[in-house]
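Starting from the given sequences, assemble the full structure and let the hints guide the process.
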Amino acid sequence: MKINPGFVEKLLNRFIKEELSKFDFTKGILGLSGGLDSAVCAYLAARALGPKNVIVLIMPYKEMFGRDVQDAKDLAHRLGLKFHIVDISPMVDAYFAIHPTESRILKGNKMARERMSILYDFSEREKALILGTSNKTELLLGYSTIHGDMACAINPLGDLYKTQIRQLARYMKVPDKILKKRPTAGLWAGQTDERELGLRYTKIDKILYQLVDLKKSKKEIISERFPKKDVEKILGLIKGSEFKRHLPPIPKISMRTVGHDFLYPYDRDK
Amino acid sequence: MQSRINCDNFFTMKIALAQISPKLGDLEQNFQIHIDYIQKAKKKNVDLLIFPELSLTGYTLKDMVEEIAVDPRTDPLFKKLVGLCREMSFVVGFVEEKEKGLFYNSAAFFSKGKIIHIHRKIYLPTYGMFEELKFFGQGKNFHSFTTPFGKAGMLICYDFLHISSSYLLFVGGSEIIIAISAAPGRGISDDDGYASARMWELMGEAVAHFFQSFVIYCNRVGFEDGKSFAGGSFIYNPGGQLVAKSPYVDEDFLVKDIDLEEIRRFRKNRPYRRDEKPEITLEAFKRIVAQYED
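Residue numbers (this note's numbering), protein chains in the order written: chain A, 1 to 270; chain B, 1001 to 1294.
By construction, these hints were calculated from the structure, which means they are not laboratory data. Don't take each hint at face value.
[Unchecked claim] Under 8 Å between C-beta atoms, here's a sample of chain A residues computed to sit facing chain B:
no.: 1; residue: N4
no.: 2; residue: K10
no.: 3; residue: R14
no.: 4; residue: F15
no.: 5; residue: F83
no.: 6; residue: L263
no.: 7; residue: Y266
no.: 8; residue: D267
no.: 9; residue: D269
[To be verified] Taking lysine-lysine and the BS3-like style, the derived pairs with C-alpha atoms no more than 30 Å apart in a straight line are:
no.: 10; chain 1: A; residue 1: K229; chain 2: A; residue 2: K180
no.: 11; chain 1: A; residue 1: K270; chain 2: B; residue 2: K1079
no.: 12; chain 1: B; residue 1: K1023; chain 2: A; residue 2: K17
no.: 13; chain 1: A; residue 1: K17; chain 2: B; residue 2: K1227
no.: 14; chain 1: B; residue 1: K1227; chain 2: A; residue 2: K239
no.: 15; chain 1: A; residue 1: K239; chain 2: B; residue 2: K1079
no.: 16; chain 1: A; residue 1: K270; chain 2: B; residue 2: K1151
no.: 17; chain 1: A; residue 1: K173; chain 2: B; residue 2: K1227
no.: 18; chain 1: A; residue 1: K10; chain 2: B; residue 2: K1256
no.: 19; chain 1: B; residue 1: K1227; chain 2: A; residue 2: K215
no.: 20; chain 1: A; residue 1: K244; chain 2: A; residue 2: K219
no.: 21; chain 1: A; residue 1: K10; chain 2: B; residue 2: K1227
no.: 22; chain 1: B; residue 1: K1040; chain 2: B; residue 2: K1245
Virtual Cβ for every residue (Gly too), placed ideally from N, Cα, C.
Below, the structure written as structure tokens:
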């Protein structure tokens, strides 16, 4: 699962540069959470496009992520990126004042979609293309909010497992304080991905790599001393989140239908 | 430099590989890219310039296949290309409408003021991320044809990964095997470049060595629909030795002299060609095929 980070960096830089120029954008925009994935994406974007062409949004909810906000600001300064801080508390609170809930999931999803909505608004204001920060691990597990943190124009990190992103981050010299943080989706204070998933990323990624990249069967993987309950849990998460990795299905009625046999690449004529 | 009429008149020739990133679905712009490279190659006295698979159209065409297809006998851009190949030969990749409504992933060899051969891709990958059989008809033959530089054969991408393709060219008399490609990179490890690059280089080396031919592989670069084309074009000599190689991922214009006399040298030393028995292979194939149960 080890990567050659120099080659991967070069490849992703080229991808970012090329995709933006295809659609006549010079600037990219992304949400900076203070966590690892968005930090790596910011580093890549800064090198691919030049710091002047990268805008980052820091979108805290109340005082919940004080340290992350500071880390995100430090990172933006360090890379010389233009940043905006947009407090999402008034919008989120206004909604839940009308439709109250105690559910942390509902609140977390609302925050993720609020951030998405602001990113798209700023994308238009700044004429900047949105860079996603979802990694392969969370895309496969469905550990993300549909139309929330998953929403973007291009997703440079989408084929790298969390542990591979960590390797890339070390190579790109992302500060230690970000590298050493426990990964969190930021849905509520004190949440960590690994506690919620019940497994460490190192373990998850090893199993995903066997299942997805090497196409091994469940039986084979279990026979290689991966615990049955872990493998089954991961398989369950993959299957249960299939819908998040597709556009909504359309019932086919006509001779030629979007999503069925109206087939073009997204960069048609670009 | 004088134009070269036949291969007995010279031993060295200049090859150029255009490791480009065509613009997806834009014939006019890609034509312009071709013209630029042809002019660049002419300035360097190149004898044979190779472009990658579907160099005039881009690769991930899907439903655009039928919109961008041309008939090379009548297409005005092809007429212009024919006008440019009197002193220099070149190979381009394009979508061919061979008959009304029949589309092929094709390669054309331009030389001496005409198209001297068209190869239609036979092995159309349709698995994983590939879906060529959905959009293209299958070619039917591997031809060795006469060029100003000796007998040559053309293969397109996945054709080259089937060893029988190169074998048929070898048996047919090819001394130069030209493989044009739009091969996406796959698999990362702690090595440099994509894991899939090894597959192409291994085949290049083996084919060159055992079929004692020059193997000229031209791959493309750039991204389409998220796929990253891997580059890494190369030339092997008839002894299986690497003569030149382009970088992975980046655009490149590789120009290299090759010594055609090496074909004779290697074939004299190890008479694989002389000792090859295609008639035995043919009889064995007949028996194997006759025994198929379904």
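Each hint tested on the structure:
1. N4: 5 Å, holds
2. K10: Holds - the Cβ of A:K10 comes within 8 Å of chain B, reaching about 7 Å at its closest.
3. R14: Where the cut-off is 8 Å and the nearest Cβ of chain B is about 6 Å from A:R14, the hint holds.
4. F15: Given a least distance of 6 Å, the restraint on A:F15 holds.
5. F83: This interface hint is violated because 28 Å lies over the 8 Å limit.
6. L263: 4 Å, holds
7. Y266: Given a least distance of 6 Å, the restraint on A:Y266 holds.
8. D267: The hint holds - A:D267 has a Cβ within 8 Å of chain B, the shortest such distance being about 6 Å.
9. D269: 5 Å, holds
10. A:K229 / A:K180: Roughly 28 Å between the alpha carbons, so the hint for A:K229 and A:K180 holds.
11. A:K270 / B:K1079: 26 Å, holds
12. B:K1023 / A:K17: 15 Å, holds
13. A:K17 / B:K1227: Given that 30 Å is the threshold and the Cα spacing comes to 14 Å, the pair holds.
14. B:K1227 / A:K239: Cα-Cα ~25 Å, so holds.
15. A:K239 / B:K1079: 54 Å, violated
16. A:K270 / B:K1151: 38 Å, violated
17. A:K173 / B:K1227: 27 Å, holds
18. A:K10 / B:K1256: 27 Å, holds
19. B:K1227 / A:K215: Within the cut-off at roughly 20 Å; holds.
20. A:K244 / A:K219: 26 Å, holds
21. A:K10 / B:K1227: 15 Å, holds
22. B:K1040 / B:K1245: Distance ~19 Å between B:K1040 and B:K1245 Cα, so the pair holds.
Hints 5, 15 and 16 from the list above are not met by this structure, while the remaining hints are.
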